[in-house]
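Chemist: Respectively, the protein sequence lines represent chains A and B.
Under the numbering used here, the first residue of the first sequence carries the number 1, and numbering increases by one thereafter.
Under the numbering used here, the first residue of the second sequence carries the number 1, and numbering increases by one thereafter.
Mixed in with the good hints there might be a few duds.
What the hints assert, rightly or not - One side of the interface only, derived from the structure: several residues of chain B facing chain A at Cβ under 10 Å:
1. Q39
2. E313
3. E349
4. A351
5. F359
6. R362
7. G370
8. M378
Unchecked claim - The following residues of chain A were derived to be distant from chain B, with all beta-carbon distances above 12 Å:
9. L6
10. N71
11. Q72
12. R149
Hint data in this document are derived by calculation from the structure and do not stem from the laboratory.
C-beta: ideal position from N, C-alpha, C; glycine also.
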Amino acid sequence: MALGNLDEIYRDDVILDHRRNPRNPDRPDHVDFTADGVNPFCGDEIHLQFKLNEERRIAEVGFQGEGCSINQATGSMLSEAVKGLTLPEVKDLSSRFHEMMQGPDPTDDQLSNLGELSVLVKVREFPVRIKCALLAWSALDDGIDAAER
Amino acid sequence: MRVNPLMYDVNRIRADFPILSRKVYGKPLVYLDNAATTQKPRQVIQALVDYYEGYNSNVHRGVHALSQEATDQYEAARTKVARFIGAEHPEEVVWTRNASESLNLVAYSWAQDNVREGDEIVVTPYEHHSNLVPWQKVARDKGAKLRVMPMSDDDQTLDMSRVDEFITPRTRLLAVVHMSNGIGIINPVKELAAKARKVGATVLIDATQSAPHLPVDVKDLDCDFLTLSGHKMLGPTGIGALYGRREVLERMEPFMRGGEMVLEVWYDRATWNDLPMKFEAGTPNIADAIGFGAAIDYLNEIGMENVRAHEVELSAYALEAFKELEEDIDIFGPRDPQQRGGIISFHSEIAHPHDLGTFLDRDGIAVRTGHHCTMPLMRQLGVVATARASCYIYNTREEIDKLVDSVKRALRYFSDGAR
């Protein structure tokens, strides 16, 4: 039984914690831009709202959604990871996250630079589920592009 | 392979399907994703090889031997499909790529000329996106109204007590799915078709999910159109069919224009070929049509009554086996196996369908998780997605036992900590 493999994503303390206690469930009082993603193949949804401060850094985030463990845990982790970042910094983070999930096997440096998000590298062992971890980040990229237009 | 109807020998059937002997993650494959696509018996695979190795050639216009053989086999396959669904004339069967194309053919060719402002198109709540989205466009383009019949709250079947509010003299088209691919419900299509006939409406039955699993007869159902998909009934992908009543097809404009579908062409105009070629522009999918014919042969050998009986038996067994989990999972649709196909679509608050699906996959069990191309139905059921196990001729009670056991362990696994 490959239960050991399943444990890597379903018994990871960080993923479990975000799944059980999603961060930032409330919409900010003021919203500068939003990011919404739907996976058309499975129907999973991610909704994110962002409030910027005077320095154009992300001050507050709201996260709501419906979906599997990986998808929802990723959305919650994203909502924490982007706080305090400028939009170019968020985009850089997103591209490094995408690289970790879809690029060549990531190095230790790559992983440590991603902090808590690096636990999601284990989802690579479940190729069909990688899209679950990318939904929130792809939605964020689209949301920033739309906001900058 | 010959099957004695009294002795349904599932092991002999399984022996015809090479893929069923493979392993997934070291476990024997338990293939329960038949509503998405079915596996192929050796006989179908061999029919493709025979064509490509023995008489590969273009059909209809050739004078050489290969072309004649290819044409004969290709047209024989059409006749097989026609007989399989009880159509009187082979030319009432039009080859398409799949059921979606069959439905779009009707939406573009028939509906464009026959649906007018104020007309109503009536569908059920269970329609696959393919039998819904084309009608949304027709309704928008024509100023017609798309109406969805209601479902009953208790067992999610069609609420027949209110059908007469929906099928009325304003109904121009009744477009209904025979068996729901999402949750397995069988609609009373014959009764619905009779009501539609009375008010003068045209009747389309989406038999994509039903024809592979139970006897379907276009004369008995009294429909104008009926759709089929080869790969959902042991055949190759890329080949489907549209049945259309001859008088209806004859009055329709072509769908696609080009080679093969014309009779005579001038620089400024053209006339149309006879049925069914009028609807078959371009070189057709010869190999897969022949493969589809081989699949029909295979099903006929077993007998569709026997196919249905096997699946009713398996559904009853599965519904009974799932009872011990009824506190933790909801199964959609009626409990009577006669009212449903061999599809068990379920949802649990304990684990999201994808997480369940990943767990089952690691046990070698292939099920589908998601909305099954029935998003509005999922919304009405109050879920985003379900996990769906769907059976076919080669599935066994032992496989149902494995499924239930794996679901049971998955629920324990996810309730222990994933939430």
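Chemist: For every hint, state whether the structure bears it out.
Modeler: Okay, the hints, checked on the actual structure:
no.	hint	in the structure
1	Q39	violated (20 Å)
2	E313	violated (30 Å)
3	E349	violated (13 Å)
4	A351	holds (8 Å)
5	F359	holds (6 Å)
6	R362	holds (4 Å)
7	G370	holds (4 Å)
8	M378	holds (7 Å)
9	L6	violated (6 Å)
10	N71	violated (8 Å)
11	Q72	violated (8 Å)
12	R149	holds (29 Å)
Hint compliance for this structure: hints 1, 2, 3, 9, 10 and 11 are not met, and every other hint is.
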